[in-house]
Amino acid sequence: MSARANILGKLRNSLAGTTPRPDEFDERLVTAPWRYAPEDRIDRLRSLMEAVHTEVHPCRSDNWPELVAELLNKRNLTNLLCAPSREHGRALQAHFEATEQKVELLAYDQPVEAWKEELFWNVEASLTGTLGGIAATGTLVLWPDRHEPRLMSLVPPVHIALLKASEIHDNLYDMMVAQDWAAGLPTNVLLVSGPSKTADIEQVLAYGAHGPRELIVLVLEDA
Amino acid sequence: MSQRIPVTELTPDFRGRAEEALADGQLRNNFRVAMDSLMTKRANAFPDADEREGLRELGNRIKAGALSRLPDLLEQLEQKLTENGVKVHWAETVEEANSLVHGIIEARKGSQVVKGKSMVSEEMEMNDYLAERGVECLESDMGEYIVQLDNEKPSHIIMPAIHKNARQVSKLFHDKLGEPETEDVNQLIQIGRRTLRRKFMEADVGVSGVNFAIAETGTLLLVENEGNGRMSTTAPPVHIAVTGIEKVVPNLRDVVPLVSLLTRSALGQPITTYVNLISGPRKPDELDGPEEVHLVLLDNGRTGAFADAQMRQTLNCIRCGACMNHCPVYTRVGGHTYGEVYPGPIGKIITPHMAGLDKVPDHPSASSLCGACGEVCPVKIPIPELLQRLRQENVKNPEQTQQVKGGGAKYSRTERWIWRGWQMLNTRPALYRSFLWAATRFRALAPKKAGPWTENHSAPVPARRSLHDLAARHLDQNGGRPS
Numbered sequence: 001m002s003a004r005a006n007i008l009g010k011l012r013n014s015l016a017g018t019t020p021r022p023d024e025f026d027e028r029l030v031t032a033p034w035r036y037a038p039e040d041r042i043d044r045l046r047s048l049m050e051a052v053h054t055e056v057h058p059c060r061s062d063n064w065p066e067l068v069a070e071l072l073n074k075r076n077l078t079n080l081l082c083a084p085s086r087e088h089g090r091a092l093q094a095h096f097e098a099t100e101q102k103v104e105l106l107a108y109d110q111p112v113e114a115w116k117e118e119l120f121w122n123v124e125a126s127l128t129g130t131l132g133g134i135a136a137t138g139t140l141v142l143w144p145d146r147h148e149p150r151l152m153s154l155v156p157p158v159h160i161a162l163l164k165a166s167e168i169h170d171n172l173y174d175m176m177v178a179q180d181w182a183a184g185l186p187t188n189v190l191l192v193s194g195p196s197k198t199a200d201i202e203q204v205l206a207y208g209a210h211g212p213r214e215l216i217v218l219v220l221e222d223a
Numbered sequence: 001m002s003q004r005i006p007v008t009e010l011t012p013d014f015r016g017r018a019e020e021a022l023a024d025g026q027l028r029n030n031f032r033v034a035m036d037s038l039m040t041k042r043a044n045a046f047p048d049a050d051e052r053e054g055l056r057e058l059g060n061r062i063k064a065g066a067l068s069r070l071p072d073l074l075e076q077l078e079q080k081l082t083e084n085g086v087k088v089h090w091a092e093t094v095e096e097a098n099s100l101v102h103g104i105i106e107a108r109k110g111s112q113v114v115k116g117k118s119m120v121s122e123e124m125e126m127n128d129y130l131a132e133r134g135v136e137c138l139e140s141d142m143g144e145y146i147v148q149l150d151n152e153k154p155s156h157i158i159m160p161a162i163h164k165n166a167r168q169v170s171k172l173f174h175d176k177l178g179e180p181e182t183e184d185v186n187q188l189i190q191i192g193r194r195t196l197r198r199k200f201m202e203a204d205v206g207v208s209g210v211n212f213a214i215a216e217t218g219t220l221l222l223v224e225n226e227g228n229g230r231m232s233t234t235a236p237p238v239h240i241a242v243t244g245i246e247k248v249v250p251n252l253r254d255v256v257p258l259v260s261l262l263t264r265s266a267l268g269q270p271i272t273t274y275v276n277l278i279s280g281p282r283k284p285d286e287l288d289g290p291e292e293v294h295l296v297l298l299d300n301g302r303t304g305a306f307a308d309a310q311m312r313q314t315l316n317c318i319r320c321g322a323c324m325n326h327c328p329v330y331t332r333v334g335g336h337t338y339g340e341v342y343p344g345p346i347g348k349i350i351t352p353h354m355a356g357l358d359k360v361p362d363h364p365s366a367s368s369l370c371g372a373c374g375e376v377c378p379v380k381i382p383i384p385e386l387l388q389r390l391r392q393e394n395v396k397n398p399e400q401t402q403q404v405k406g407g408g409a410k411y412s413r414t415e416r417w418i419w420r421g422w423q424m425l426n427t428r429p430a431l432y433r434s435f436l437w438a439a440t441r442f443r444a445l446a447p448k449k450a451g452p453w454t455e456n457h458s459a460p461v462p463a464r465r466s467l468h469d470l471a472a473r474h475l476d477q478n479g480g481r482p483s
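So the protein lines, in turn, are chains A and B. Quick note: the first sequence uses the UniProt record's numbering, first residue 1, plus one each step. Quick note: the second sequence uses the UniProt record's numbering, first residue 1, plus one each step.
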């Protein structure tokens with residue numbers, strides 16, 4: 001007998017003569033306490049994210065590249081990983097060229113194995129889009145893909161994320177249902193609610209454990 | 001790396017270890033401070049009692065519902081994961097699980113493993129198993145890393161190194177890594193970050209646990225704050241997740257309340273920094289993520305707990321640690337006193353199914369039954385009720401069939417006779433009265449020593465006259481005796 005057959009056999013044996021309990025999911029419990037007026041969503045997300053050390057900057061579709069340049073220069077960063085195959089990547093590239101920024105724009109355009117060493121030690125910051133945000137918990141939702149792979153939002157010490165205000169949902173349940181996640185998920189979905197942190201020593205909160213030390217969210221209020 | 005990692009020698013029995021822990025002022029202080037803070041954080045994370053109770057009720061229903069059709073859900077999970085390209089393995093024992101994990105590593109000729117926090121891998125003692133076979137298995141959660149570096153075991157399921165303070169960690173990093181001493185927690189964390197970053201990059205295999213396995217979509221969900229879980233499951237070319245068979249839930253939506261209950265109960269956070277949902281290995285057009293993803297489903301006594309409808313509730317557990325944070329016993333004796341993988345109240349009710357009740361016979365009674373654990377449990381496991389049940393199982397006649405592995409370890413013929421005598425005395429009024437008469441009249445003969453009780457207390461001496469006598473005399477003198 002295989003382990004599988006034994007385990008399933010024992011479980012079935014223990015359940016003999018019983019009926020499965022009905023599905024008693026009550027969606028009100030995970031939605032009603034977490035509803036916000038549309039104009040309050042950004043503030044809610046912002047205050048929760050700021051409470052965990054995230055910088056949140058409201059901006060517009062036409063001025064965010066300028067803000068990115070400013071944020072990078074303020075930190076003396078010399079390079080930024082972003083996706084030239086994405087609209088926001090192209091917008092940033094155009095702005096950086098037009099304003100002759102010194103920051104080098106890097107692309108994640110080859111399998112990680114080909115440039116792991118460089119990604120882990122030389123990339124100083126990254127910029128990615130997001131699928132949306134969640135006001136209830138102060139969360140960004142990322143669906144990594146070939147343009148913005150999984151490690152892009154994890155390895156560089158500074159992560160800048162673009163969030164469209166219109167894509168901030170009240171709570172995770174609403175977002176899942178609205179976008180029908182149950183019908184099929186990508187290989188990896190990430191909920192990100194701040195820079196990497198730990199309280200493993202004496203419960204003292206320290207940021208920059210293994211992931212980004214800084215998370216900067218640019219909320220595009222007109223998008 | 002072939003030597004076995006030595007585990008700090010501990011006094012072999014619970015009582016002895018408890019006495020040592022109680023005499024260690026530093027340890028008691030470390031736990032007291034940490035548990036007080038965790039309790040406050042949880043309370044603040046649930047400001048609305050109605051919301052909290054509604055959510056706990058829902059959490060209980062989801063887990064109980066999942067268990068009521070567990071075999072079907074496991075098959076559905078396996079099927080969905082397989083469709084997604086994840087390889088599913090089954091193991092009845094920790095030996096089988098270890099051998100499966102080692103086999104996967106060997107097939108890739110791997111020698112370096114990084115591990116995100118996983119309590120199931122602690123059950124398996126995977127680090128030791130792999131070290132004996134020449135595979136380095138490095139813990140990457142900061143707390144776990146500190147504990148591993150000091151050849152210790154975790155003392156808390158969420159905060160593995162909570163028994164240590166910054167000075168102790170500083171000394172450890174100084175001794176083991178040659179780092180300059182510092183009590184600045186930020187600097188200590190940066191030492192860990194630097195050291196482990198190289199390991200994430202170089203590792204051949206990443207190992208992780210699973211917080212929830214979603215049958216509907218074939219998804220493994222992991223919560224964490226540090227990013228080490230994401231690193232371990234994304235950077236190496238192979239990801240092996242190990243988990244207990246009870247972690248499966250039917251639908252994706254079920255994780256909404258469960259994650260909220262988990263992070264708020266464990267750390268008082270509305271959500272952890274990262275919630276990582278993994279539904280498959282790297283696709284041909286993707287540029288990172290593991291090429292292979294494996295899931296090892298481990299039994300290790302869980303089917304034993306499952307067989308008993310009352311004990312089955314143990315498997316509701318989502319491993320938040322709130323029961324230990326609120327336990328007056330755990331706070332005083334610390335996690336290592338329990339001598340097992342899972343300490344505190346949840347440890348007391350789950351360990352018997354894994355190791356056998358005879359291995360931990362003192363655990364069920366190391367509780368004041370104050371009820372705090374049951375009150376805070378996010379999935380409403382009636383822990384005090386299960387502890388009482390285990391106390392009964394503990395003293396059952398070993399010749400009878402045992403309902404719990406290793407039951408009957410505390411059976412005592414003398415105790416059985418004493419209780420029988422007690423029962424006789426209390427059910428026969430004439431016998432009871434004569435006993436009372438004798439006990440009060442011959443009170444001078446009461447024994448001066450009554451076992452361990454008189455080590456710290458004065459011996460009980462019967463009163464000169466029983467309450468019954470006094471009442472009867474009072475009523476005789478003052479009238480009013482009911483006719």
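These aren't lab readings, by the way, just hints derived from the structure by calculation. Owing to the predicted nature of the structure, the values given are computational and were not obtained by experimental measurement. Even for Gly, the Cβ is constructed at its ideal location relative to N, Cα and C. Please note: incorrect hints may appear among the correct ones.
[Unchecked claim] Here are some of the chain B residues that sit facing chain A, going by a computed Cβ distance under 8 Å: (1) THR40; (2) ALA43; (3) PRO47; (4) ALA64; (5) GLU92; (6) GLY143; (7) GLY227; (8) ALA235; (9) GLY268; (10) SER279; (11) GLY280; (12) ARG282; (13) GLU286.
[What the hints assert, rightly or not] In silico DSBU-like cross-links for lysine-lysine, where the CA-CA straight-line distance does not exceed 35 Å: (14) LYS396/B / LYS116/A; (15) LYS283/B / LYS359/B; (16) LYS176/B / LYS199/B; (17) LYS87/B / LYS410/B; (18) LYS449/B / LYS359/B; (19) LYS396/B / LYS10/A; (20) LYS10/A / LYS410/B; (21) LYS176/B / LYS10/A; (22) LYS10/A / LYS449/B; (23) LYS359/B / LYS80/B; (24) LYS74/A / LYS116/A; (25) LYS116/A / LYS80/B; (26) LYS199/B / LYS109/B; (27) LYS116/A / LYS410/B; (28) LYS396/B / LYS410/B; (29) LYS10/A / LYS41/B; (30) LYS449/B / LYS116/A; (31) LYS359/B / LYS164/A; (32) LYS116/A / LYS41/B; (33) LYS116/A / LYS109/B; (34) LYS74/A / LYS199/B.
[Stated by the list, open to error] Simulated restraints, written as ranges between beta carbons of each label pair: (35) GLN423/B / ARG35/A: 35 to 41 Å; (36) ARG35/A / ASN151/B: 48 to 54 Å; (37) ALA309/B / MET1/A: 43 to 49 Å.
We went through each hint and held it up to the structure:
no.: 1; hint: THR40; in the structure: 11 Å, violated
no.: 2; hint: ALA43; in the structure: 16 Å, violated
no.: 3; hint: PRO47; in the structure: 10 Å, violated
no.: 4; hint: ALA64; in the structure: 6 Å, holds
no.: 5; hint: GLU92; in the structure: 5 Å, holds
no.: 6; hint: GLY143; in the structure: 4 Å, holds
no.: 7; hint: GLY227; in the structure: 3 Å, holds
no.: 8; hint: ALA235; in the structure: 7 Å, holds
no.: 9; hint: GLY268; in the structure: 11 Å, violated
no.: 10; hint: SER279; in the structure: 5 Å, holds
no.: 11; hint: GLY280; in the structure: 4 Å, holds
no.: 12; hint: ARG282; in the structure: 7 Å, holds
no.: 13; hint: GLU286; in the structure: 5 Å, holds
no.: 14; hint: LYS396/B / LYS116/A; in the structure: 60 Å, violated
no.: 15; hint: LYS283/B / LYS359/B; in the structure: 47 Å, violated
no.: 16; hint: LYS176/B / LYS199/B; in the structure: 16 Å, holds
no.: 17; hint: LYS87/B / LYS410/B; in the structure: 44 Å, violated
no.: 18; hint: LYS449/B / LYS359/B; in the structure: 30 Å, holds
no.: 19; hint: LYS396/B / LYS10/A; in the structure: 24 Å, holds
no.: 20; hint: LYS10/A / LYS410/B; in the structure: 28 Å, holds
no.: 21; hint: LYS176/B / LYS10/A; in the structure: 46 Å, violated
no.: 22; hint: LYS10/A / LYS449/B; in the structure: 50 Å, violated
no.: 23; hint: LYS359/B / LYS80/B; in the structure: 38 Å, violated
no.: 24; hint: LYS74/A / LYS116/A; in the structure: 27 Å, holds
no.: 25; hint: LYS116/A / LYS80/B; in the structure: 31 Å, holds
no.: 26; hint: LYS199/B / LYS109/B; in the structure: 17 Å, holds
no.: 27; hint: LYS116/A / LYS410/B; in the structure: 58 Å, violated
no.: 28; hint: LYS396/B / LYS410/B; in the structure: 8 Å, holds
no.: 29; hint: LYS10/A / LYS41/B; in the structure: 40 Å, violated
no.: 30; hint: LYS449/B / LYS116/A; in the structure: 72 Å, violated
no.: 31; hint: LYS359/B / LYS164/A; in the structure: 57 Å, violated
no.: 32; hint: LYS116/A / LYS41/B; in the structure: 39 Å, violated
no.: 33; hint: LYS116/A / LYS109/B; in the structure: 20 Å, holds
no.: 34; hint: LYS74/A / LYS199/B; in the structure: 31 Å, holds
no.: 35; hint: GLN423/B / ARG35/A: 35 to 41 Å; in the structure: 59 Å, violated
no.: 36; hint: ARG35/A / ASN151/B: 48 to 54 Å; in the structure: 51 Å, holds
no.: 37; hint: ALA309/B / MET1/A: 43 to 49 Å; in the structure: 25 Å, violated
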